[in-house]
Each structure stands twice: as C-alpha cells, then as structure tokens.
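Could you build the full structure based on these sequences and the hints that come with them?
The lines below spell out each chain.
2 protein chains.
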Amino acid sequence: MDAEEFRRQGHALVDWIATYLDELEQRPVSSTVAPGQVRAQLPPSPPAAAEPFEDVLADLDRVIVPGLTHWQHPSFFAYFPCNSSYPAILGELAAAGLGVNGMLWATSPAATELETLMCDWMLELLDLPDRFRSTGAGGGVIQGTASEATLCAILAARERATEGRSNRSGTSGRLVAYTTGQAHSSIEKGLRVAGIGSDNLRLVAVDDRFAMRPDALAAAVAADREAGLVPFFVAATAGTTSSLAFDPVPAIADVCRTERLWLHVDAAMAGIAALCPEHRWVHAGVVQADSYCTNPHKWMGINFDCDLFYVADRAALLAALSILPEYLRTAAGDAGAVIDYRDWQVPLGRRFRALKVWFTLRADGPEPARAMIRRHVDLATEVAAWVADDARFELAAPPALNLVCLRHVDGDGATDALVAAANASGAALFTRTVLDGRSALRICIGGRTTERRHVEAAWKLLQQLS
Amino acid sequence: MDAEEFRRQGHALVDWIATYLDELEQRPVSSTVAPGQVRAQLPPSPPAAAEPFEDVLADLDRVIVPGLTHWQHPSFFAYFPCNSSYPAILGELAAAGLGVNGMLWATSPAATELETLMCDWMLELLDLPDRFRSTGAGGGVIQGTASEATLCAILAARERATEGRSNRSGTSGRLVAYTTGQAHSSIEKGLRVAGIGSDNLRLVAVDDRFAMRPDALAAAVAADREAGLVPFFVAATAGTTSSLAFDPVPAIADVCRTERLWLHVDAAMAGIAALCPEHRWVHAGVVQADSYCTNPHKWMGINFDCDLFYVADRAALLAALSILPEYLRTAAGDAGAVIDYRDWQVPLGRRFRALKVWFTLRADGPEPARAMIRRHVDLATEVAAWVADDARFELAAPPALNLVCLRHVDGDGATDALVAAANASGAALFTRTVLDGRSALRICIGGRTTERRHVEAAWKLLQQLS
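These protein sequence lines map, in sequence, to chains A and B. Just so you know, the first sequence maps onto residues 9 to 474 in this note's numbering. Just so you know, the second sequence maps onto residues 9 to 474 in this note's numbering.
Treat the hints as calculated values from the structure; they're not laboratory data. Computed from a predicted model, the values in this text were never measured in an experiment. All C-beta atoms, glycine included, are put in the ideal place defined by N, C-alpha and C. A hint or two may mislead.
Stated by the list, open to error - Which chain A residues face chain B? A few, computed with CB under 7 Å, are given here:
{"hint": "1", "residue": "Arg47"}
{"hint": "2", "residue": "Ser53"}
{"hint": "3", "residue": "Gly105"}
{"hint": "4", "residue": "Ala118"}
{"hint": "5", "residue": "Asp207"}
{"hint": "6", "residue": "Val346"}
{"hint": "7", "residue": "Thr441"}
Now the structure itself:
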C-alpha cells in the first residue's frame, strides 16, 4: 500500500467506522458465534501475495463484526464500560501514524511532555491532590490498564518496604498485603507476579455494604506483625467491580499512616465521576494515598488503553523500575532534567497515548463527559427505583453511581437463568457476579450513546424474562 | 465531535499523516527542543470548552511534531527500528474504531480467534516450530513488548520450577536465572519484578563475538546447584541489542534439557529476518525452546505495539497467570473450549492488536517485508565494507544482518564525540553503546523507507565528522 492508496483506504475506513458506530444499535450486543467459527471462515495460512484492501474491509463486515461483542453498543451493560469518543479514535490514529516510541524523553520529547501535561490536566479536572502533580515530588503516567498500575504500585511499595533488598536479592516471603474479597483480581495477580504470593494477601472483612472494615484491617496488621511478618501494602477500592462499593479510604489511610503501609487506591471506573463536582466524594481520603489510578478508557470516552497512574513519591517507583544499560543512556536523562517514562512501567517501549487524551479534552472539552456521567447516574437511580418496585427482584447491593446489582427473589437459579436468557437475546448484555455468596446481575450504565430508551428496553427485557 | 465531523476530520487526519510521512525526509531526525520546551508551548490547564479540531491539528504541526524524534524517518539508524506501514496504521484505526476489549474469548470471539490465527500465520511465515502452534499444547499471543513477553516467560518458568508454590507463598530467593551481559535489560527487570532479584541473575561469560559460552553456562549451573540454589531459567538472545550477537541456542538448549531449565529465546528484532528463507539460521535451536518472542513492530512494518510470544506448553503459562473471579466466568471459558487471553499476560484488558497484523499481511502480503529486510541486510554489508576500508574506523563487533557497530580508532573520546556530533546534526540518528568496555556507534538499518542514498549520506556524515 502506497501513500495514495493509504489516503483512499483511510478515508474509506474512517467512513466505515462512522457507519459501524451509527448503525451499531441495530446489531445484537454480543456475538452468537460458536468457538472456532470465526477462524474457520478465514484461510488457515497467510496469503502469498497482496490482496485488494476492499477485500479486507469486506471480510471485516463478513467475518469479524459478527464475531464481536460490541462494547460501544448503547445496550452494553456488562463489566465496566470501555467507551470511546470520536476525537479519541483520531488520537489513536495520529499515534499510529506518527509511529514514535516514547520510552525515553529523548526518543520523542513531545510524547513525554504531553503525557506529563495530560496527567496534570486530568489531576485538575478530577480535583486530585497536588501531591500527585508532576511539578512536585510525585507525578502521573499513562499505563495501559489498572492491572499494570496496581503491579507498579506493589513494586514501588515493595521497594520502599525492603529498602531495595527485594530488587537485589529477591522477595523475602515475609511481606504481607491487604485488600478485601471485593477488590479486583488484579491485586492478587500483581502479588503473584511480584513473587509475594496469594497466601500473603489478607482479605480484610467487609461491612454490609461490601466496604473494608478499618478495624479489621488494623487487627489483621497487628496479628501479622505479632507473627513476625512485614505488612507493606494496602489496596483500597473506590468502586469495586462487583458492586461499586467504596472502601472508607480516610479511615484506612489513618491505619496506613500509623503502620507505615503503602496505600494504593484503585478507582478504575468510579474515579472518573470526579469530573463532576457533586461526585468528588469518590476521592475522599485520596489525599493521603501513596498511589492512585483511574481509567479514562472506562467512563470518559478515551479509548482503551488509557489508565492514569499517580504516585506521591516518584522516587520509590523509579527505584523499583529503573534499569539503565549503556544503549539507553542520554544526556538529558543523565542530567536528571527529564522524565524517562520507561522507569515508570514494566515495559520499555510505549505508544503515544497522551494524544488521545489531548484530542478529546480539546475537541470535546470536559462538558460532554460530565453530561454523560450525570445521565448515567440519573438512569441508574431510576433503575434502582424500578427494582425496588418489582416484587420479583431485590437489590443485591446498595446502588452506587452508575451500577445497580439485583437478584431474583426466587434464588440463584432464577438469577443465573435470567442473566443467561437476557444475554442470549442479544438485546442487551449484563454481567453475573456473586455477592454475599449469592448470584447477582449487574447493570452498569456507561455507554457514550446509552439513552433512557435503552435502559428502559433493558429493564423490560429483564421483566419479560423473569 | 459528532459522526459527521468525525468523517470530515478523520479524512483530514489521514491526509495529514500521509503528508507527514511523505515529507518526513526533509525534517531533522531528532528533536532539538530543550527539556520543558514542548510543555511551555501548551496551556498549563485544560480547556473549559470544546475547541475546533483544526486548532488541534495546527498545534500538532506547531508544537508536537518539532518535539518528536522521527522513528519513521529514513535516516533513523538508532536503537532498533520501530517501523510501520500504511495497512498497519489502518489496522490500529480499525481497532480504535471498533473499541472492543478482547480480555476473554466471550468479550469478542473474533478478537481472540483472529489473534490466534495471526500467531499461527506468523509461525508459518517465520518457519517456527510446530510446538508453538495453537492447535497443539503450545500457542502464541500478541504482547505489547518483548519486555512483557520476557516477564511472562519468567513467570511460567517459575511456576513450573516451584510447582505453583511461588504463586501461593511467594518466591523463595533460591531460584537462579542465566543470561549474558549482552542480553536486554528487560531480563534483569523481569527478574526484579518477579521478586527473584538481580543477585540471582548470572551473567554467563561470552565469547569474542559476544555470544554466550555454553560451557560457562553449564559450569555456572553446576556451581549454583552445588550451593543449594535452584537454577530455573535461561534467556538466550538471537540478536543482542548492542551488537546483534547470536547466542548458540542449540548448545544452550542441550544444557537446558539436561538440567531441566526453561529456555526462553529473545529474538525481538532478528527473528523477523526469518521471513526470508536465507536468514532462517536465526532460529537455530528454537525448536528446543520453551518460549520465544519476536516483534513485528521492530522490523516488519507492523506498528508498535506488536510482540509475538510463543510457548511450547501453554499450561505452565496459564497456571502462572490465571485468576478467575466470578465476574470473569463465562460458559465457553468454563468449558475449556476457548482461549481467554487474559491468562496469557499480566494485564486484564487488551486491544485488538491482531487487526494490524491481518491488515498488513493481506494488503501488502509478505513480499514487501522480505524485500525490505534483504535491502537492509545488503546495505549493512556495504557499510561494513566501507568501515573496513577507512583507516579511521574499525568494527566493534562482527556485523550481522542489518547492524554495524564501529568505533573510532582514536578511542572512546573520538567515538563519543562522533555520536554526539552526528546526532546533533539532525541528518541521521545513531545509538552509542559499549562493547568490550569501549564505546561504539551502532548503525541499525531498519527504516521502511530507508534507501541506499540515506545510508550513503549517513556514512559521509560520519566521515566528515571524524
């Protein structure tokens, strides 16, 4: 493909995407393909010669799209949203077209500096504490996912707790971390990756709202110290995956300060709600956190992958992750005058993710995201009222922001059957979870194009199937 | 931005990218901005309202582009290439436009199945061993970077060596890994992340070609066993970063088989050379490896990020990385009928990276990449001859494929000054490294648009500055 053909096909693909998104509502939300069915429609071996790009686009329609679960569909109520907006799509296109690798400041200063600025812009928009601002001792970085941010937080905490011994001689096995059974699986995964292990993660008891009990945390820490172990890390969640429970971060932070534990706050979806002043309670206590993450790719229309990860003390993070072979040395880096983001993450290379943040914040401004969040929260409030009014259902957790968890009063069998039937219909998509040992159906309202009528239709579907 | 505006601005941005790439040769390769200069040209705070997209594009030209190091520039000879092609850019655009998250098979079957198929296609094109094919006990996955692939290899090896104990109770500190001082920094970084630590990495002696000495490996393993340690992992490099040295993988594999060590082969750039039958020697011994990675984003024109990571026994990888909370359970996953790629990587979420591989292999076919690789290798062979003919220079390592390492005969001061002056000129970009304790200048020829005239000009520049 040459430049002229790129222009032609690029225009065609932009139009194809616009049409895909325009007509998405008419498709089933999730694919009904059987395992292996997509692959079976494609040649088992690569082509020996070039094919017309029109054929590729045709196969996109014929084979790929029917095999997708449409995360941008207005009736997607599953997992968390992973919504995108037009300027963010263009930001990804620009990043791909420029094809620069921002591993060091010197390998593209603008990629690093725009990323730092976007972290500071987002800090202002979310009213995050100044200690995370890049102009002080802390700073932000764009990671791919909250899982990666969590792992980096664990590594920085481990570095601080062991004064660098872990990086030199390995992890001792005496380190202990704390979270709740409601926290995201990435916390346990990160501890496994870091060589700390699942057995050294304490699942602190939760209250009847699925939020961590600070007294139980303090007791668990005391018991571990008594046993000669080394408590080092607490992951609090501002909006859990299953039920959007909010751990009481201020009280947890008090325990962490007393016990000198690293406090990481995972606000992957809910942190974005702080774009709206009335929702800034989601960040209560974050001012005392050592690290924090939230995902514009979840609820702000900035394409996956885009996780904002902030630390109050970047020195700990850099000590954990910095390695400097000769071929990566640069004058600016040696002088300490710049940020080299390779030291803020596990991978070396990095895409120019800041472009999609910049494009979105400038081309749309922050208001459309705020309006969307408010619409979602209003709709969820309505849904919670509908659930309360229907004797067949009950709330499985206190509703929060844009999430409602319900169950069928006839028990797990009925709830599981409802999730399965609703999802098989193709008319909407929900996620099943387990709360208090019982099945629940989550309705997470987060699509950029999700309007009241989609939520109403989803509710009617659930009623009809019950 | 609405759909209509997206179409209009999308066309404009496609044209902007085509023009950027067309005119790239006229720009200096690397930016001359001072630290902070890019940021200073942008507002310190986010806009309160939407701005015309034309203004964003104008700032891309005014602020961002002058702050870039142009990795797609034909006179970029630094690091490794990170080259891209037009269909790959469109693949990224399509992935962003679809906005699906392929964390599970069920969350978009086509994303998973196309990725598996692309790994199998690439396996055929690179003539990799059948044990890495997804239809057997092994399989491939697209990671973001070789660093992430290496970490996953370490975790799978650790899982096998400790029979799962590490994931449960942490890393013992008795595990020992082996590579050479020429291997990529990501191996040491991965061992640190995994809680094994730098002290438990042995840098095995190399021969006069900077390749690992298998006898030294065997001796190091024996000494560690004698000391009561647990050797578990060997990272061999097929094409080191500094000098493109090739560790003797067949002999290393013999040691690994005897000693029951996991063998990972890092062929991040050079593995792609196997697209050409005459270069398939780069994969000697890989048939005995437990895991292997190579990066189409380095030398095949498939945009960063795209690392192919293959394992012979996917069970070890899955055991290391699988965690299954209720909200991620699916019928297809529970039945074991599908691949859930979340278990093949550290992050949970994942972009639809397979699209750019598919677009490139179909729209261009494999021949343009083969022709490009042959051109680069021919040019590097010429450069090596020019170095040999100029009394001011000497080769710092045996030339291999597309890399030539040279030094000035007047010593490190002269070599360092040459690198600095050449890079400051903006006419070309090189990387300095250290080989045998002495400075060297690397000329890595890997640009998609790099022709003989660019290499000649670069050589003349080096001569003029010497």
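Hints, verified against the model:
Interface restraint check: A:Arg47 against chain B, minimum CB-CB distance 4 Å, threshold 7 Å, status holds. A least Cβ separation of about 6 Å between A:Ser53 and chain B falls short of the 7 Å threshold, and the interface hint therefore holds. Satisfaction of the interface hint for A:Gly105 is found here, the shortest Cβ-Cβ separation to chain B being roughly 3 Å, below the 7 Å cut-off. Against a cut-off of 7 Å between C-beta atoms, the interface hint on A:Ala118 holds, since the closest Cβ of chain B lies about 3 Å away.
A distance limit of 7 Å between C-beta atoms decides the matter here; for A:Asp207 the minimum to chain B is near 5 Å, and the interface restraint holds. Annotation: interface hint on A:Val346 holds; nearest CB of chain B at approximately 5 Å, less than 7 Å. Because the smallest distance between the Cβ of A:Thr441 and any Cβ of chain B comes to about 4 Å, under 7 Å, the interface hint for this residue holds.
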